[in-house]
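Protein chains in written order, with the working numbering: chain A, 1 to 781; chain B, 782 to 946; chain C, 947 to 1097.
I should point out that these hints are in silico values taken from the structure, not numbers from a laboratory.
Note that the structure is predicted; figures quoted are calculated from it, not measured.
Where a beta carbon is used, it is the ideal one built from N, C-alpha and C, also for glycine.
One or more hints might be untrue.
Unchecked claim - When the alpha-carbon atoms are kept at most 30 Å apart in a straight line, the in silico DSBU-like pairs for lysine-lysine are as follows: (1) C:K1027 / A:K104; (2) A:K388 / A:K171; (3) A:K106 / C:K1027.
Stated by the list, open to error - Have a look at the derived ranges for each label pair, beta carbon to beta carbon: (4) B:F786 / A:V524: 38 to 48 Å; (5) B:K935 / A:R458: 33 to 43 Å; (6) C:P1000 / A:S55: 28 to 38 Å; (7) B:R804 / A:S96: 36 to 46 Å.
Residues per chain are reported as follows:
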Amino acid sequence: MTKTLIGKRVLRNEDPRLLTGQAQFVDDVEIPGLLHAAFLRSDHAHARLLGLDVSAARQRPGVVAVFTAEDMGADWEPGPPLVSPPPTAKDVLFHSRRQVPLAKDKIRHAGEAIAVVIAENRYIAEDAVEDIIVDLEPLEAVVDLEQALHPGSPLVHDDLDSNLAAHLFQKKGDYEAARKQADLVLQRRIIIDRGAAAAMENRGIVADWDERSQHLTIWDTTQAPIPIRNGTAARLGLSENQVRVIAPFIGGGFGPKMMMFYPEELVIPWAAKKLKRPIKWIEDRRENFYATTQERGQIHDVEIALSRDGHILGLKDIFLHDTGAYDPYGLTIPLNTQCHAMGGYDIKNFTTEVSVVFTNKTLVTPVRGAGRPQGIYVIERLLDAASKELGIDPVEIRRRNLIPADAFPYEHGIIDQAFSPLILDSGNYWPVMQKALEMIGYEKFIRDEQPRLRQDGRYVGIGITPFIESTGVGPYEGARVTVEASGKIFVATGVGTQGQGHFTTFAQVVAEQLGVAVSDVRIVSGDTAEFHWGTGTFASRGAVVAGNAIHAAAVIVRRKVLELASKQLDTPEDELELEGGRVRVADIPNRSISLAELANLANPLRGAVEPGTEPGLEATAYFGPRYGATAFGAHAMILEIDPETMMIEIKRYVTVEDCGTVLNPLILEGQIHGGVSFGIGNAYYEKLHFDENGQLLNASFADYLIPSATEMPRIEVGHVETRSPLNELGTKGVGEAGTIPVPALFAQAIENALADRELEILESPLSPNRLYELLSRKEAG
Amino acid sequence: MPKLFDLALTVNGTRFEQAVEPRTLLSDFLRHDLGLTGTHVACEHGVCGACTVLLDGEPVRSCLVFAVQAHGHSVTTVEGLGSIEQLHPVQEAFRQAHGVQCGFCTPGILTTVVAFLDDNPDPSEEEIREALSGNLCRCTGYQHIVDAVQLAAKNIKTAHQQPAR
Amino acid sequence: MKIEGQYTFDGPREVLWELVRDPQVLATCLPGSPSVRQVGEHEYEGEIGIRVGPISGAFAGQLSVTNEVPPASCTLTVEGKGKVGFVKGVGNIDMTDQGPGKTLMKYTGEVQIGGRVASVGQRLFDSVSRGMIDQALGKLNETLQARSAAR
Chain A
1 MTKTLIGKRV LRNEDPRLLT GQAQFVDDVE IPGLLHAAFL RSDHAHARLL GLDVSAARQR
61 PGVVAVFTAE DMGADWEPGP PLVSPPPTAK DVLFHSRRQV PLAKDKIRHA GEAIAVVIAE
121 NRYIAEDAVE DIIVDLEPLE AVVDLEQALH PGSPLVHDDL DSNLAAHLFQ KKGDYEAARK
181 QADLVLQRRI IIDRGAAAAM ENRGIVADWD ERSQHLTIWD TTQAPIPIRN GTAARLGLSE
241 NQVRVIAPFI GGGFGPKMMM FYPEELVIPW AAKKLKRPIK WIEDRRENFY ATTQERGQIH
301 DVEIALSRDG HILGLKDIFL HDTGAYDPYG LTIPLNTQCH AMGGYDIKNF TTEVSVVFTN
361 KTLVTPVRGA GRPQGIYVIE RLLDAASKEL GIDPVEIRRR NLIPADAFPY EHGIIDQAFS
421 PLILDSGNYW PVMQKALEMI GYEKFIRDEQ PRLRQDGRYV GIGITPFIES TGVGPYEGAR
481 VTVEASGKIF VATGVGTQGQ GHFTTFAQVV AEQLGVAVSD VRIVSGDTAE FHWGTGTFAS
541 RGAVVAGNAI HAAAVIVRRK VLELASKQLD TPEDELELEG GRVRVADIPN RSISLAELAN
601 LANPLRGAVE PGTEPGLEAT AYFGPRYGAT AFGAHAMILE IDPETMMIEI KRYVTVEDCG
661 TVLNPLILEG QIHGGVSFGI GNAYYEKLHF DENGQLLNAS FADYLIPSAT EMPRIEVGHV
721 ETRSPLNELG TKGVGEAGTI PVPALFAQAI ENALADRELE ILESPLSPNR LYELLSRKEA
781 G
Chain B
782 MPKLFDLALT VNGTRFEQAV EPRTLLSDFL RHDLGLTGTH VACEHGVCGA CTVLLDGEPV
842 RSCLVFAVQA HGHSVTTVEG LGSIEQLHPV QEAFRQAHGV QCGFCTPGIL TTVVAFLDDN
902 PDPSEEEIRE ALSGNLCRCT GYQHIVDAVQ LAAKNIKTAH QQPAR
Chain C
947 MKIEGQYTFD GPREVLWELV RDPQVLATCL PGSPSVRQVG EHEYEGEIGI RVGPISGAFA
1007 GQLSVTNEVP PASCTLTVEG KGKVGFVKGV GNIDMTDQGP GKTLMKYTGE VQIGGRVASV
1067 GQRLFDSVSR GMIDQALGKL NETLQARSAA R
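Same shape as in the complex, but just chain A (with noise of 0.2 Å):
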């Protein structure tokens, strides 16, 4: 069957409501009776909760209630750990310590939640929160990675003997075997710090407790609407039945919003069905900054052993890992971390070792590249090194060593983030590579351009970045298809969406099979009562098993669509077509049903049916792949700095990416855009400011920087399509693609810029002040 829709430009069915300002988000959500929350939240990062006196509050007009983990009662429980530790790997060292509804006893980051007022209006209930009294003895701060594991280091968790929350060691080959045989060994410590998702919608939820019909529905700001629905239930001793979640429009997630069970997770719903009455808490931008999981900050010890000839006989990776004040999420994020260490280079020995550390500041989990970021730095930034140390072009040391074509399944056994060995799929690197460096004229401008833009006193320079990213991970999603009564077609996933079009590519590839407009399919996702089984959207997963779920689906319902036109219109299936929402006879047109007609003929009102007959036309599918499949991309860079400000301009940015099958190519290259920018903020102008007390010193967009129009290059984006061999789609993830090169790419652009200063950049994220600073320190000797 030839494509018509898969991979064309399509507009999106969702716009005209977005557009008009009439798509529902949490906030936008009105009950009658409806009361909000405001939550009081600790000052000091990590200090010891001695007393609360809430009772000015508990007085105040308008006030309805002032709830603390006291009052939870045998209700306050930490939240339900959220990923364990790989049960694959051998050797795991895990503590589990999640996050509580309210603190009891101990705070243990800045921002975390201690009261929680419900009043009739948010300005009663924020009044209220400062009428409380807290009695907090404060503690030094665990704060810095390598310090927090001294010995006589204060604990973040008085319970264990250390902040060692966890520790994985892996290896692939003999690395220390590969390093006697090397001509050349490079160390380096490379030095990662945090960054928020600061997506525009702050969270929020909605929590309406409805005693007579014993039933809670919740508006939540999640990418994970059926675990949380699940999860809630337990908690409240509810059947799952009872409980609805919905996940509505959603103003951008990145990550953040796929953690579950924050602590106003825990304690919204519990409150409303305590009060019988709806809730709601919708987050303050300040509040976003400390109590919304952040993510990046580690710390590299790392060696390569090469050979004269620039290949690579081996890599050595030792890292710490930030996780914050608990750890609910596992150890997601430096598995991502090891996983892409290696790049999507032909490495036969590999050591790595991740000791991940409880520090007295927000959580750590997933953020857009989630841990693939650091990885890609590492690699990137030590062959750098090395293609100076041998005097190689860096272009040639990476065609050297990336993954032939022909080595494909790759597999490097190490374990993943899915608990599987990790096996790169498909894909062909070079020519992907050789794209980006056509496209951006790498050759011309190395050889005619800069040398006569340097002449004029002007710092330009390049870079190139290949990188690949895991994506599409299980475990599995699920869809529900149904041709409805009036021909449109209904489809139910439990994915929720966050801006990346769902509504129109899932569309796309239900109205493949069915010969209909993709404005006639109907998406619903992100609500628990349509669709109950699955998990979320995250890890670049959405299109690939949610779609090919959804595929599976519409590949069914077209099978029973053709079988019962086949009996109505007397002719053989296989010389039918779907097209235009109707099913026609190959050569005589005019003998045709429309889909409205046979989706009544499937479920009459009298008569009998056939035993096993199942009513409609309709199909429940999932799809779980045997491991996720890994797409590969390379950035191309041209900047200019100013040598004085250290200010940047981009003059041209590349990325080519392959993902395999491209289901709509204007969303694709939105969300290639989308994580440029994304990526562009971490590598140059975002940077989390934690001081030694464990404050952070800007918790504003005003102090903490993300890119601008005026920041933004045009972005070029070219196409390589590897189909995956894991679906029947062919289709990788691509979510996060546009944010993992970045910042590597930006170090190897301004070192490129610079090459007379001959500095070398091994941390991120960079500034004008932090390159200002490490230029100098250089120049001092």
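Here the structure of chain A is known, so what remains is to put chains B and C in place on it, guided by the hints.
Quick look at chains B and C alone, frame taken from chain A:
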């Protein structure tokens, strides 16, 4: 009991009268008192621009304006630009150019752009980016938004239409 | 963060020392002239209003004086808590004679801030604290000149 103020103002062409607390923000008044939830609140400290509405035709951050400051004035929100059945040319251009992903920053950008194109019907890309620099978007990287503004400018010129304020 | 600086006073060291050790005098130097009460041999309490950029609020403060070497040096420890955050600081003051009627005061200290005043006001804290200190020392100097003249 705080002293209330008898607020009277016009929103999207309709007159409203309501007693409000002086400290009520315009953004909260529009969203919760009038139920016009198209205007979104993303930072409440005047940096991100998501809450931008037109006050007597000029873009303002409604999170930094008290509702009472709009007394006697005219406010236009995204709901006043167009409807699903009849999109404003700027809205239509955003659809064509894929200038929307999650849609949270979009209403603030639309009002900003409508006012901008009114003053500057033939802008260069640099001018467009400058005009957008007060609106943060985390999803799109701005490129398709810039494309949308260029397309809107072109279409509006072609249709000889004045954008609604 | 570190705070350090110096100020040349127009008066003799001995008189300046008396003023520094008098909480009522210190109070008049702070913005809003708050009330300061002595609650222990070397401990004082008071309330003060502080504005750092967009953040303003009242702080309940405690001050203690230690390591006294009259009339040359002492250590001041300050703790302030309020709705908008907290401030903790330790500072050393060193006073030396600079000739007749002139005293040089050098101060160095460490200040920790937390809460809203830290997360939103941090950028401005340096200049605000410097401004507050300069203002306070200026007022102290006026008081010093008046008292010296009266002798």
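Structure-based check of all given hints:
1. C:K1027 / A:K104: Holds. C:K1027 to A:K104 sits at ~21 Å (cutoff 30 Å).
2. A:K388 / A:K171: holds, 28 Å
3. A:K106 / C:K1027: holds, 19 Å
4. B:F786 / A:V524: 38 to 48 Å: Given range 38 to 48 Å: holds, Cβ gap about 43 Å.
5. B:K935 / A:R458: 33 to 43 Å: Taking Cβ atoms as reference, B:K935 and A:R458 lie about 35 Å apart, which means the hint holds.
6. C:P1000 / A:S55: 28 to 38 Å: holds, 31 Å
7. B:R804 / A:S96: 36 to 46 Å: 44 Å Cβ-Cβ, so the 36 to 46 Å window holds.
Violated hints for the displayed structure: none, as all numbered hints are satisfied.
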